[in-house]
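Q: Build the full structure now, drawing on both the sequences and the hints.
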Amino acid sequence: DGGITQSPKYLFRKEGQNVTLSCEQNLNHDAMYWYRQDPGQGLRLIYYSQIVNDFQKGDIAEGYSVSREKKESFPLTVTSAQKNPTAFYLCASSPWTGVDNQPQHFGDGTRLSIL
Amino acid sequence: DAKTTQPTSMDCAEGRAANLPCNHSTISGNEYVYWYRQIHSQGPQYIIHGLKNNETNEMASLIITEDRKSSTLILPHATLRDTAVYYCIVRVHNTNAGKSTFGDGTTLTVKP
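Heads up: the protein sequence lines correspond to chains A and B, in order. Mapping of the first sequence onto my numbering: residues 1 to 115, in sequence order. Mapping of the second sequence onto my numbering: residues 1001 to 1112, in sequence order.
To be clear, the hints were calculated from the coordinates, so they are not data collected in a lab. Worth double-checking, as some hints may not be accurate.
Listed next, the in silico DSS-like pairs over lysine-lysine satisfying Cα-Cα at most 30 Å (straight line) [unchecked claim]: (1) A/LYS83 / B/LYS1003; (2) A/LYS71 / A/LYS57; (3) B/LYS1111 / A/LYS57; (4) A/LYS9 / A/LYS71; (5) A/LYS14 / A/LYS57; (6) A/LYS14 / A/LYS83.
One side only, chain B facing chain A, incomplete, derived with CB under 10 Å [what the hints assert, rightly or not]: (7) SER1041; (8) GLY1043; (9) GLY1103.
Note that the Cβ used here is the ideal one computed from N, Cα and C, for glycine as well.
A: Have a look at this one:
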């Protein structure tokens, strides 16, 4: 089945360590996104990418980095510069047809915790 | 992107219609209204979207006022599995790969 796969589902990190969250999609979507969700709150956009080898900062990009070397993959690195990384991270994708009214499809998220 | 305002929480009896309101008074002419829902600890699920006209699909109906300043998502026969957080967002057409701003949403609790 087509969809978005995020791994791992749960991730633990020691303070001062970088950690990379995986996001893979087989929907042939051009655009991909990373969101952060804190308990009881909505989603905040971290980074997004419209095409391979290109990405833009969202509202809360500080302390995060991304790459988009392949269309189907958009990994997110949470760096040691992110002072409060404990959160639920969601990856999404959508078609980019030039007529931008396509819904986003979401993965089931990765829950990151600091040890 | 325009900001949306939703009630924090709502209850609905099982089998009854659930009507979830959303205000988007600053919406511009090229912004679509989208609805998603999120069941606990899962990724959001797309429900429906519209621009001006009312829309219906197998999951729900979307009613958009004539001035487009508000909308209502209708779940015609709510079930216990419809208990979730419902997000109303507006998104600019044809720009920025459709990045969306998700607010805090409405927590819908369907009760037996």
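Q: Can you name, in rising order, the numbers of the hints this structure does not satisfy?
A: Violated: hint 3 alone.
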